[in-house]
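Asker: The primary structure of each chain is shown beneath.
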Amino acid sequence: MRTLISVLAALSVVGATVPVRAHHAFAAEFDAKKPIKLEGTVTRVEWINPHAWLHIDVKRSDGTIEKWMIEGGTPNTLFRRGVNKNSLPVGTVIIVDGYQAKDGTLKGNGRDITFPDGRKLFIGSTGTGAPGDPQAPPK
Amino acid sequence: MMHRFARTTMIVAGVLLAGSTLAGQAPAGRGLARTPWGDPDLQGLWTNATITPFERPASLSGKEVLTEREAAEYEKEALETRNADNRGGGTDADLGRAYNQFWYDRGTKVVGTRRTSLVVDPPDGRVPPLTPDAQQRAAARAEARRRSPADGPEDRSLAERCILWPTAGPPMIPGGYNNNYQILQAPGYVVILTEMIHDARIIPLDGRPHAPSGIRQWMGDSRGRWDGHTLVVTTTNFTDKTNIRGSGPNMRLVERFTRVDADTIDYQFTVDDPASFTRSWTAAIPMTKTEGPIFEYACHEGNYGMTNLLRGARAQEK
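Those protein sequences? They're chains A and B, same order as listed. First residue of the first sequence: 1, per my numbering; consecutive thereafter. First residue of the second sequence: 1, per my numbering; consecutive thereafter.
Rather than coming from a laboratory, the hints here were simulated on the basis of the structure. Virtual Cβ for every residue (Gly too), placed ideally from N, Cα, C. Hints are supplied without guarantee of correctness; some may be wrong.
[Said to hold, decoys possible] Chain A is nowhere near these chain B residues, computed Cβ spacing over 10 angstroms in every case:
#	residue
1	R34
2	A98
3	R126
4	D133
5	S148
6	E154
7	S157
8	Q185
9	L205
10	W218
11	T239
[Claimed, not checked] Computed footprint of chain B on chain A; a stretch qualifies when at least three of its residues, placed anywhere within it, have a C-beta under 8 angstroms from a C-beta of chain B:
#	stretch
12	34 to 48
13	101 to 112
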């Protein structure tokens with residue numbers, strides 16, 4: 001007879017091995033050896049499927065502007081969480097932490113996106129019952 | 001394709017399947033809604049999001065059902081360990097998570113039966129071993145991927161090509177997000193609109209035969225009938241690229257939809273494919289009512305990822 005503790009220990013192992021999965025293999029598109037951290041200004045957001053893309057202008061130290069495209073996930077989930085096309089206005093300054101495209105062009109994935117003060121741009125609203133919210137009230 | 005929408009709240013199933021799944025007994029269906037023409041009414045928006053694993057993990061071998069306390073612990077553990085906000089495990093793992101947790105929508109609860117796997121037969125909760133023929137096909141696919149991983153779009157998965165998502169169905173299996181379905185009925189037909197990859201499956205109920213065996217379709221060819229209160233849908237004529245856990249083109253899939261209460265459909269499917277599996281197998285995945293709307297996942301409209309990964313492959317060849 002298995003004890004509760006041993007069952008829970010087994011469950012821990014289970015959870016750790018379950019992969020998450022995006023629409024396509026980000027490892028085929030971006031390079032894990034090319035981490036990027038960019039501060040940029042939003043110039044356009046494409047709320048499109050299968051994945052949303054943020055366009056940002058990044059000012060380099062020499063004053064030149066680089067135009068980057070940053071890939072996210074499906075907009076559908078964000079819509080269900082209350083995000084809409086007005087949630088990220090043009091001109092917003094964000095910090096993108098991710099990986100650059102394998103072909104070396106100015107594209108990256110938005111592994112984490114934050115505001116300059118450290119707040120996360122896309123983060124679940126705990127307690128609202130949004131999908132994925134660990135504090136979602138049971139029905 | 002943009003929609004206007006109010007924020008919707010996913011309804012979490014708190015309803016136990018009245019033991020019907022475990023006991024294998026068909027519920028009577030008394031008192032449940034019927035369509036104006038008298039068919040059992042399955043219509044509405046449904047989700048099958050759950051954190052219950054598809055197959056029972058080896059570490060839970062012999063443990064068929066969790067207690068309430070174990071289920072609560074499991075949910076807590078799973079939400080922590082699967083949280084894509086975690087950045088650990090090296091850059092490959094970090095990149096593999098793609099983006100943070102906010103973009104995922106895999107549900108927060110185990111299924112109401114608290115089973116440790118969605119596969120209910122064989123009793124060990126595991127998909128049966130592949131036949132030698134299916135193993136050869138899998139090896140040939142792996143070899144093709146190794147030889148030509150990204151020469152052109154055809155080398156990439158059906159999901160990356162926006163053709164078919166491996167869990168969207170049939171059979172319908174929960175995935176990382178977009179686990180939403182709309183069922184519509186008309187006299188003689190049932191339609192299942194699937195959010196992921198945005199397909200509508202039109203199922204005739206008039207007893208017509210399946211298409212000739214030479215006609216092959218990504219989602220197969222579905223025919224339905226009523227067995228008491230249960231909708232039984234048989235699907236055949238899959239393509240040789242449709243692959244459900246190693247299945248082949250001659251898979252015969254039987255899905256059973258039974259509305260057990262206002263908020264729950266007991267959905268079960270059986271895979272019968274002797275060319276691919278050493279025995280048939282069955283999964284039970286409750287579908288629970290959810291609020292709308294269902295969104296269009298027009299996958300082709302901005303599939304920049306395909307271009308980018310092919311360009312990445314070309315760049316790496318230099």
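Asker: In ascending order, which of the hints set out earlier in this document are inconsistent with the structure?
Answerer: 2, 7
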